[in-house]
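Letter by letter, the chains look like this.
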Amino acid sequence: MGKYLKTADTDWYKQRLIRVMLCVSGAFFILLIRLFYLQVIQGQELRRLSENNCIRLQSTDAYRGMIFDRNGILLVDNRPSFDLSIILKDAKPVDLTIEKLAKLIEVPVSELMKKIGHNKGISSYKPILLKQDIGRDALAAVEVRKFDLPGIVVDVKPRRHYIKRQSAAHLIGYLSEINSDELKSGKYLECKGGDFIGKFGVEKGFEQFLKGKRGGRQVEVNVMGQVVKVLKTVDALPGQNIYLTIDYILQKKAEALLEDAAGAVVAMDPETGDILVMASSPSFDQNAFVDGMSYKQWESLISNPLRPMENKAVQGEYPPASTFKIVTAIAGLEEGVIDENTTMYCPGYYKYGNRIYRCWRRGGHGSVNIFKALSESCDVFFYQVGQKLGIDRLAFYAKACGLGSATGINLDDEAEGLIPTSAWKKRRTGISWQGGETLSVAIGQGYNLSTPLQMLVLTSALANGGTRYKPLILKSVKTADGDIVIQTKKQVIGMLPASKNTLSIVKKGLREVVNSPKGTGWIAHIKGMDISGKTGTAQVVGRANDSHLSEKDIPDHFKAHAWFVSYAPSVDPQIAVAVFIEHGGHGSSAAAPIAREIIRTYLEKDEYGSQLNAEISKQ
Amino acid sequence: MFDRRFVTYFDWGLLGLTFLIGLIGLVTLYSAVTSATPTPQKTLYFKQMIWYGVGMAGMVFCFLVNYKSLYRWAPAIYVVCILLLIYVLIMGKYGGGARRWLVLGPISIQPSELVKIAVIITLARYYSKFSDTRGFTLRELFTPLILTAIPFILIVKQPDLGTAMVVVLIAGFMTVFVKIERRSLLCIVSACTITGPLVWFLLKGYQKKRILTFINPDRDPLGAGYHIIQSKIAIGSGMIFGKGYLKGTQNALSFLPEQHTDFIFSVLAEEWGFLGSVVILFLFLMLIIWGLNIAYRCRDPFGTILAVGITAMMFWQIFINVGMAMGLMPIVGVTLPFISYGGSSIVSIMICVGLLMSISMRRFLFE
Chain U
748 MGKYLKTADT DWYKQRLIRV MLCVSGAFFI LLIRLFYLQV IQGQELRRLS
798 ENNCIRLQST DAYRGMIFDR NGILLVDNRP SFDLSIILKD AKPVDLTIEK
848 LAKLIEVPVS ELMKKIGHNK GISSYKPILL KQDIGRDALA AVEVRKFDLP
898 GIVVDVKPRR HYIKRQSAAH LIGYLSEINS DELKSGKYLE CKGGDFIGKF
948 GVEKGFEQFL KGKRGGRQVE VNVMGQVVKV LKTVDALPGQ NIYLTIDYIL
998 QKKAEALLED AAGAVVAMDP ETGDILVMAS SPSFDQNAFV DGMSYKQWES
1048 LISNPLRPME NKAVQGEYPP ASTFKIVTAI AGLEEGVIDE NTTMYCPGYY
1098 KYGNRIYRCW RRGGHGSVNI FKALSESCDV FFYQVGQKLG IDRLAFYAKA
1148 CGLGSATGIN LDDEAEGLIP TSAWKKRRTG ISWQGGETLS VAIGQGYNLS
1198 TPLQMLVLTS ALANGGTRYK PLILKSVKTA DGDIVIQTKK QVIGMLPASK
1248 NTLSIVKKGL REVVNSPKGT GWIAHIKGMD ISGKTGTAQV VGRANDSHLS
1298 EKDIPDHFKA HAWFVSYAPS VDPQIAVAVF IEHGGHGSSA AAPIAREIIR
1348 TYLEKDEYGS QLNAEISKQ
Chain X
17 MFDRRFVTYF DWGLLGLTFL IGLIGLVTLY SAVTSATPTP QKTLYFKQMI
67 WYGVGMAGMV FCFLVNYKSL YRWAPAIYVV CILLLIYVLI MGKYGGGARR
117 WLVLGPISIQ PSELVKIAVI ITLARYYSKF SDTRGFTLRE LFTPLILTAI
167 PFILIVKQPD LGTAMVVVLI AGFMTVFVKI ERRSLLCIVS ACTITGPLVW
217 FLLKGYQKKR ILTFINPDRD PLGAGYHIIQ SKIAIGSGMI FGKGYLKGTQ
267 NALSFLPEQH TDFIFSVLAE EWGFLGSVVI LFLFLMLIIW GLNIAYRCRD
317 PFGTILAVGI TAMMFWQIFI NVGMAMGLMP IVGVTLPFIS YGGSSIVSIM
367 ICVGLLMSIS MRRFLFE
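Quick mapping for you: the protein sequence lines, in order, are chains U and X.
Just so we're aligned, residue 748 is where the first sequence starts under our numbering, counting upward by one.
Just so we're aligned, residue 17 is where the second sequence starts under our numbering, counting upward by one.
It should be emphasised that the hints constitute simulated quantities derived from the structure, not laboratory data.
Glycine included, each C-beta is placed from N, C-alpha and C at the ideal position.
It is possible that part of the hints are untrue.
[Unchecked claim] Listed below are several chain U residues computed to face chain X (Cβ distance under 7 Å; list not exhaustive):
1. 757
2. 775
3. 793
4. 794
5. 796
6. 802
[Unchecked claim] Using C-beta positions, here's what the derived DEER-type ranges look like:
7. U/758 x X/205: 23 to 29 Å
8. X/210 x U/780: 32 to 38 Å
9. X/261 x U/888: 44 to 50 Å
10. U/791 x X/210: 46 to 52 Å
11. X/208 x U/766: 21 to 27 Å
[Stated by the list, open to error] Below, in silico cross-link-like pairs of lysine-lysine (DSS-like), each with a Cα-Cα straight-line distance of 30 Å or less:
12. U/850 x U/861
13. U/931 x U/946
14. U/934 x X/224
15. X/225 x U/976
Construct the complete structure from the given sequences, taking the supplied hints into account.
Written as structure tokens, this is what we have:
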């Protein structure tokens, strides 16, 4: 403050400017020294490195996460695939090198040259893929003569391997090469052309967990383009491993039982919603997608009338037939239209208006109450229940039971099924609902459509006392080191629209289906096990046409579809199973035995245990 | 008013130097774009010539105008540039991960380049008004800080870290030039040394990582680290006499990314070797000294500080760009004056030269 403030004048500035000039010159001197260092001192070495683009980047693919079943049985992993590439700039003379190579790996020269021809335009330092997945013999042949094959590079790439071929194919899905639309969409930012991404099933749904992060390295190469030194490495991060809820032992059994039939088997833990089995038949070999299939193979898959690419468990919509009687029964009891003591008489037919509606049992069931109606699947009983309820009340209960809408399982393209209402029909066809149609709906025919999964969730809910759980396919996600990233918990999606009393009545009926010799599901009976269930036989054409023929004489495509839903044990259920066979005939003969065997496999603990140990020790 | 003395005092030397460097720039750019594979990008070369033309027009306009009028117009220029910066953040064309350009028909301009000049003019006005030999106190530095901080933040948001850094460095250069009062300087330095480590502790893990990788590109061997290595190889492989014009192999094989902008010096060094590099460095140094000399001979404070600021801008860009190519500095997108490809870069540099000429040829005017 005491100092007299002097305004800066030109001399003061000039002084400072001299200093600035010196500083600036100093800075340039630093640059000069660095330049000298690089160009004179290191010049020779750097000149050498500049020749032939000595320092290059190579990227390393990440290992995709593995997929296990709930017990740790390995279903999908990666195996090494040896891919042969050529780098044109290094491979001079190209023709000679190709000739030598062709002889070594026993591939025609023309095939190799074709690969090069396609890629002429690309920068000549980029490797051009000649042949994927060369066998170990070819690999050995090439490696031994490496010095004679300039510009030829063998890369080890991890390749997806579906160990249990065709098993749970629809659930697990498959990988395929990313296409240009997907690359442009912005959803796959870290991918480049030639990468494989999940296109179906779990592989697609959980892509973010399964794919790892690619790495890379800076390498020094010699004049032939072969790596002589690795300068720096950025490790690729392996993908995370997925543990599915399915039980391979059961899955294997289900698929063996389905054999060549078209249909589906789904099973669930009624207390948690974990999907234990999801089998759809016919199936397909996922490895074919990864290894590349010919157009012919693809054509045959697509045009197969049994539709192997369809996951019938979640995409197949069929009339639920008598399994729907569970809904009708619940609705009837809840609305007070019937109670446990109500009896009706079934002479084998029911007259409504001026039409005759037949019961499947020509002679009729005689006097039936709700228990007998369920266990012997009396149509006449339920015609009347349905008639008294009316279509809209019935539809209300069906929807509250989860039918007519997706369960929300974490898979693409889940079908919703269809529950008709009078409003729906008016909208759809312009014609009003006819009372007689309610009768058909009440026994699961008519416009009704449901998926095997929907019927399974309903059955599970019934089994556990009324809670509808979301069907889960993912049990946990773990890092390659075993740390848990995600552990799924059960999720409630709704409650059945039924009181405890109603449920116990229905469950008692379902128990008699299997445990009473006159029950339609008696074939599923296992001594010592308490199984409950319901059969269903969905007519494909009107009954009148084939009623004179015996079962085996009906042509296949006119045969009815077979349903069987079940759970066991009846008290404290551990598993619920739904089986559906297209054109299987009767639910009791075609579908019920399959459910029985699956339940047997699961509940016979000793047998199950030994099978499990056998599988695990195989790994 | 046109005065015969304008012609006598016109700085022909500066003009000649500018042409010489510009010519070298065009020649190098031609090499960088023609040998690019797979397709040579010759159009860039012609575009650059057009920009030179535009730049020339700007330069002429600037030296015809009396620089002293900038004193009056400083606030307006500043505000307009800030508004342009804000506008570009909202409406700018998105390219290369940033919003930097404003599209006007067929041309795109980068407001951040203009803002550099605006900041220089504004600071020059402030500093020339209040400067004294004691230096600026903390309180007096508050306004310049704000004036610099606003464009800095706006540019960082684009995000364009390189240009933002240059703005701060220019402002710093000018401030140090007009002297910071001793005690204030002490305060600033000690404040920085204390808050520096504190801020470091407060940063999250991934932010620390980013900064470390930024400072040391070797930590990113597949990205920035790879670029630096290729750039050093290119420069070093030139050795003493260079590989010859159009014969740069690093350049020809496109291992130098961004070779027509960020790494253009590497192209030059590879082809012309140590001798060529020393020549261009020497020419750049001459340019800087010339600018400082103009400041030296100027008789009013505004002109002096303005010239210093303009020279600072050229200095920092050259130093950072060349230093980066040689692996001395982290990689930031800063263009090399006259040589890197870029319309905004060329035009803004030529405007700066025009301003220097304006200052130079009016040094005989007393006011």
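Could you tell me whether the CB distance from residue 758 of chain U to residue 205 of chain X stays inside 23 to 29 Å? holds (28 Å)
Hint consistency between residue 850 of chain U and residue 861 of chain U [alpha-carbon to alpha-carbon, up to 30 Å]: holds (16 Å)
Satisfaction of hint between residue 976 of chain U and residue 225 of chain X, Cα-Cα up to 30 Å: holds (27 Å)
Using Cβ atoms only, decide whether residue 757 of chain U comes closer than 7 Å to chain X, and label the hint accordingly. Since chain X brings a Cβ to about 6 Å from residue 757 of chain U, closer than 7 Å, the hint holds.
Just to be careful: measuring from the Cβ of residue 794 of chain U to every Cβ in chain X, is the smallest value less than 7 Å? Given a least distance of 4 Å, the restraint on residue 794 of chain U holds.
Supplied distance hint 32 to 38 Å, evaluated on CB atoms of residue 210 of chain X and residue 780 of chain U: Once the Cβ atoms are compared, 33 Å apart, the range 32 to 38 Å for residue 780 of chain U and residue 210 of chain X holds.
Using 7 Å as the Cβ threshold, decide whether residue 775 of chain U counts as touching chain X. Since the shortest Cβ distance to chain X is 5 Å, the answer is holds.
Return holds or violated for the Cβ distance of residue 261 of chain X and residue 888 of chain U against the range 44 to 50 Å. Cβ of residue 261 of chain X to Cβ of residue 888 of chain U: about 46 Å, so the range 44 to 50 Å holds.
With respect to the beta-carbon atoms only, verify the hint that residue 208 of chain X and residue 766 of chain U lie 21 to 27 Å apart. holds (22 Å)
Tell me if the beta carbons of residue 791 of chain U and residue 210 of chain X are separated by a distance inside 46 to 52 Å. holds (47 Å)
Pair hint residue 934 of chain U and residue 224 of chain X, alpha-carbon separation not exceeding 30 Å: holds (28 Å)
Given a cut of 7 Å on the nearest C-beta pair, is the interface hint for residue 796 of chain U held or broken against chain X? Cβ of residue 796 of chain U sits 5 Å from chain X, so the hint holds.
Hint check: no violations occur; every hint is consistent with the structure.
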